[in-house]
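Undergrad: Take the two lone chains and join them into the complex the hints point to.
Residue strings, one per chain:
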Amino acid sequence: MNKPLKDYRTWCLLLAALAMLVLFIYPSRLQKAPTYNYTFIIDITRSMNATDYQQDNQAVSRLNFVKQTIRELLLKLPCESKVGLGLFTERRSTLLFEPLEVCSAYTEIDTAIGKVDWRMAWAADSNIAKGLMSTLEMLQKSDSSVIFITDGQEAPPVNPNYQTDFSAVKGQAKGMIIGVGGLQAVPIPKFDSHGKQTGFYNQDDVPHRSRFGQSNLDPSQIKGYNARNAPFGSEAATGNEHLSALQENYLEKLAAESGLSYARLTDLQNLNRALQDPKLATEKVVQADIRRWPALLALLMLSLVYLPKLPKYRRFS
Amino acid sequence: MNLAVNTPWALTGLVLALLPLFNSGMRTSPAPWTALIPGDALSAFVVCCLRLCAVAAIAGLVLGMAGLHRTEQSRERIGHGAHIVLLLDRSSSMDNTFAGRAPNGSDDGRDAGGRATHGAVAEESKAAAARRLLTEFVKQRQNDLIGVAEYSTSPLFVIPLTENKNAVQAAIAATATPALGFTHVSKGLGMAISFFEQQSVTGSRIVLLVSDGAAAIDHDSELKLREWFKRQQVRLYWIFLRTAGSPGIFDQPEDSRDDNAGAMPELYLHKFFLGLGSPYQAYEAESPDALKQAIADINRLENLPMHYVEHIPKQDLSAACYSVAAFLLLVLLGVKFCEVKR
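Top line first, the protein sequences correspond to chains B and X. In terms of full-length UniProt numbering, the first sequence opens at residue 1 and continues consecutively. In terms of full-length UniProt numbering, the second sequence opens at residue 1 and continues consecutively.
One chain only, chain X, in its complex shape (with noise of 0.2 Å):
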């Protein structure tokens, strides 16, 4: 029971409430000499509870107006569910569709590579894809704790880990402004790691990397990286938007002089992400179809049991204040009618 009131100064008018104390609020009816009037218990209690009852009626009012209310609470609850964290790619090729196009149509060629018509043609850039298919997927985690960072060349705090749905959601419609520069995916990383800093361990933890491309991590963040992953205990989904005919994560190179994570970036952060140590699991996703499959099995997989907070909305109780003040003025006016006057 947190009570507190909206506004404090008006509690003052609580010492209208001792009146009654000193006056009963009756007619005076004149005697000859009151100490002839014997003692009597029960008028005594009688007066005593009407006053009493004036009493609560004051101070009923004056709650009321003051505004008293129980304050939001907070109940820990056990539930299926997890700690989110969407680490969104902002770089611009993420404006592009699956088939490396610009959305209307026009090749701009620079993921495709010249094979702009192969594979799944869809006139959605991957990031209104990504952004659908994560707007309905936050829609699915009624219990789940999100939070959202983004990355382009360097790494944005968007939204901390939040129970409001609305905010995540605000996050994820903002993307659809336009995209930044390049894909620096370690300080993304590291920024989404961050979220859990201060957060109790319970539930899964998740990184929910979603990309279309990838970047060479140098070795002081790979040291950075393994050892945060490690002791935040973060489990990794990386959602690769693979663009038709750019290398895949699990493409092995054709030459061997290919084989480096500077020609083929997206195969050794997948291998790094491998030897993290802690649970890691990769999609490549060619069309916005398969998008949604791996969303779906995050959906499946990651429910284990959470301790989580259910918060109780401030409860207002200037209704029941008036309510009792009202009932209690109807008894004194119907005490009142009782009143014999001689």
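Only chain B is shown next, with the shape it has when bound in the complex (with noise of 0.2 Å):
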């Protein structure tokens, strides 16, 4: 009889020795983990100056918190994951930057992204339907998922008679709109050549009413109205388009026209769960670190061994 296999010690050490054989046959194992790859067209027009979100118990400029929850954002993505960044301003967005996978370009997406600056903007408009409609076109051939963010201030105010089409795009592109600001209104910063704040704007400032095209008023309606000479009338529109919020209802139905989905930046957790979107995830199979899982059967059997003796088990013999 061979005594030590009378010992549980010996099959412990045996089972430890088979499980270490396991992990080097089996190192790894294939798995599906879920990927991204989306491209960031930040609005970058005056309204996202505004400042109507609180981080550290001080007011931040929309831009400066998208700028943040994103750079953030970062850090939460799976590697093989990919972000390109673009900018929007005018009628038009422009592309900085093809996606780059975000482990091993993280330096520089995140140098970019901290970069962004309103002062960047090439024109001073801010048309957000024509806006997505070029960004949607732009990137059709693209398989990056559009994240337009933006507040829904158009300025100035679009003309309902000529709204954009965005059949053209529906259900090709996919991607997600999120709607930035605060639901209250609140004034938009204005700055001098220098960058320095020099107030807000006021009513004065800002047109209130687009004077593009036919009015899509009734005739008979407007005051001081000539066909030819004054379309929109003699009367100076009033409105309230100097102050900022969040145009949740325009943007649903932005998004509703184009195909693609809408949420609210409250919070990192918020937007990191929003973009988690199945839909825009691609499944990659990569090779998962199993090694852990043979090796803590072999810890624990090795542990078994040095036990130290409970009492009862104590006998005298």
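Hints were generated in silico from the structure; no laboratory data involved. Just to be clear, a hint being listed does not mean it is correct.
[What the hints assert, rightly or not] Calculated Cβ distances over 12 Å to all of chain X for the following chain B residues:
1. 49
2. 73
3. 124
4. 163
5. 166
6. 272
[Said to hold, decoys possible] In silico contact screen, one side only, chain X against chain B (beta carbon under 8 Å); selected entries:
7. 8
8. 12
9. 23
10. 27
11. 61
12. 64
13. 65
14. 156
15. 164
16. 171
17. 177
18. 181
19. 329
20. 330
21. 331
22. 332
Even glycine gets a Cβ: it sits at the ideal position worked out from N, Cα and C.
TA: Written out as structure tokens, the structure is:
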């Protein structure tokens, strides 16, 4: 009779050795993991300077909050996910770089997002519907999801007679519109040519109505109407376009028309959850390290060998 | 040796490594009176070794499971290369060909001034030609730090100075999207120089301006640029993608009334660059081939010795931990079979 085999410790050690054998033979397993490919298009129009977010008890502008949140989001994305960056202003957007792998190019993406500034805008209008359309057309061939981040403030307001037709891209583009800003209207800061704030836009600074094309109102209702010379009448339009709030209904409408989804940016968790939409994810097969499981078994077995004897097992013999 | 683990809480398992210090892990043999057995230095030594083996095996397993690795290291080395900022013109005219046409061949007449058929006619837009050659250029400059800035009406910060060539290529590829507004070169230059602000001065520092037009620079900006170029010791290369029929940078005005920055911005920008006091080279590329020549020159000239940091990627040590643990485990197992019980 082989005496060591009578000892439970021998079996423990044998099992541990077997576990280690398994560990070296099957170190990894193919596993499906969701990865993402986002192209963030950030609105850099003036209304994004409105400060209606709070961070560490300080009011921060919508743009800064967006930048900060995306930078934090980068850390949460799984490796092999890709992030591209673009800017929107006027009627269109531009792409700064095509999607880059987040883990290997983290510093570059992070720095580039940190440097996004409203002063990069090449023109001053803010026609979001047209901008969204041009973005979707521009990125139609790319397999990246468009994440269009805006507050929905059209400046000047869009004439309802001339709305953008999204039927050409509907259903082809995938992505999301992220609404930024508070629901309470706040004034938009005004800056001088050196970038110093000089107060806020007031009512006389901004157009309150589109004067482009034909008026959508009944001519008999317009004071001072003249079909050729004054299609919008003689009175100056008044309104609250100098104040800015998140136009959630409008963005939801744009999202529905263009076939994107909509979410509101409130904090990082919320954005992270919204962006983890399975529709935007691609399953990628990755090698997952599973060595810890056989190692755990070996560890338990080895600990069992050296476990101090409990008093009740002590026998006199 | 900067060691780190992936899952720090797993290190609590190291407590288990203390177990072999309290228990020999062997069966007890009954003896009438242990004091009768004389002390044996060799036995004590062997027992001590075996216990240490067990401690090391458990610790190895725990460290392996915690994912022990050596963090990314960087080593300073000296090589040949440069810090290059690519400053790309995104103005709308870049989307036309060298002949001033839209790439599909229809004459849009914006740049050619009615003489669109003159010069080298290439059915490739200036932006596409620049993109193709810059992609090639970046591939050849392996040791360099390259950054990308763009400008149209306003400057755009794209990619900071980086060794990551994929990032630079992604930025160059993104210029395939339609171009933007106008040409505001002074702001673009300011942005490009700002890339060097927090970099040590080593190797050559280059701003490679690729544009197809120029704009007058106002006096204030001129003063600032002069100072910045000098302070940051930046060398400037200007690749001017000349559209056939448009004024070049070396053209002298035929009429003295045209001799001003408004009428001949290219010539005046060139004069301003010459007066910067820092090394400056201009290339007038009228076709993709000429552009290639310019890039080849830079490739040949800009290879000053430079300190650069070589990155050694993170090294996984868990495999080593597991191997050690497995070896010790086999030793213990072997010893187990040598155990004698009477």
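Undergrad: Could you run down the list of hints and mark each one as holding or not?
TA: Each hint, compared with the structure:
Even its closest Cβ contact with chain X, about 15 Å, leaves residue 49 of chain B beyond 12 Å, as expected for a residue assigned away from the interface. Chain X leaves residue 73 of chain B outside its interface by the beta-carbon criterion, the shortest separation being 18 Å against a cut-off of 12 Å. Distance to chain X contradicts residue 124 of chain B as a non-interface residue, since its nearest Cβ pair spans about 10 Å, not more than 12 Å. Every C-beta of chain X lies more than 12 Å from that of residue 163 of chain B, the closest at about 22 Å, which supports listing it as non-interface.
The beta carbon of residue 166 of chain B is kept farther than 12 Å from every beta carbon of chain X, the shortest such distance being approximately 19 Å. Every C-beta of chain X lies more than 12 Å from that of residue 272 of chain B, the closest at about 21 Å, which supports listing it as non-interface. Given hint, residue 8 of chain X at the interface with chain B, is violated; its Cβ is 14 Å from that chain's nearest Cβ, farther than 8 Å. The interface hint given for residue 12 of chain X is broken, as the beta carbon of that residue sits about 12 Å from the closest beta carbon of chain B, more than 8 Å.
At a threshold of 8 Å, the smallest CB-CB gap from residue 23 of chain X to chain B is about 5 Å, leaving the interface hint in force. A cut of 8 Å between beta carbons decides the hint on residue 27 of chain X: the least distance to chain B is about 5 Å, and the hint holds. Here the hint on residue 61 of chain X is kept, as its CB sits about 4 Å from the closest CB of chain B, short of 8 Å. Because the smallest distance between the Cβ of residue 64 of chain X and any Cβ of chain B comes to about 6 Å, under 8 Å, the interface hint for this residue holds.
Here the hint on residue 65 of chain X is kept, as its CB sits about 5 Å from the closest CB of chain B, short of 8 Å. For residue 156 of chain X, the interface hint holds, since its Cβ comes within 8 Å of a Cβ in chain B; the closest pair sits about 5 Å apart. About 5 Å separates the beta-carbon of residue 164 of chain X from the nearest beta-carbon of chain B, less than 8 Å, and the hint is met. Look at residue 171 of chain X: its Cβ gets to within about 4 Å of chain B, closer than 8 Å, so that hint holds up.
At its closest, the beta carbon of residue 177 of chain X sits 5 Å from a beta carbon of chain B; the interface hint therefore holds under the 8 Å criterion. Checking residue 181 of chain X against chain B: minimum C-beta separation of about 4 Å stays under 8 Å; hint holds. Interface hint at residue 329 of chain X: satisfied, since its Cβ lies 5 Å from the closest Cβ of chain B, which is below the 8 Å cut-off. Among the interface hints, the one on residue 330 of chain X holds; its C-beta lies about 6 Å from the nearest C-beta in chain B, closer than the 8 Å criterion.
A least Cβ separation of about 10 Å between residue 331 of chain X and chain B goes past the 8 Å threshold, and the interface hint is therefore violated. A cut of 8 Å between beta carbons decides the hint on residue 332 of chain X: the least distance to chain B is about 6 Å, and the hint holds.
Checked against the numbered hints given earlier, this structure breaks hints 3, 7, 8, 21; the rest are met.
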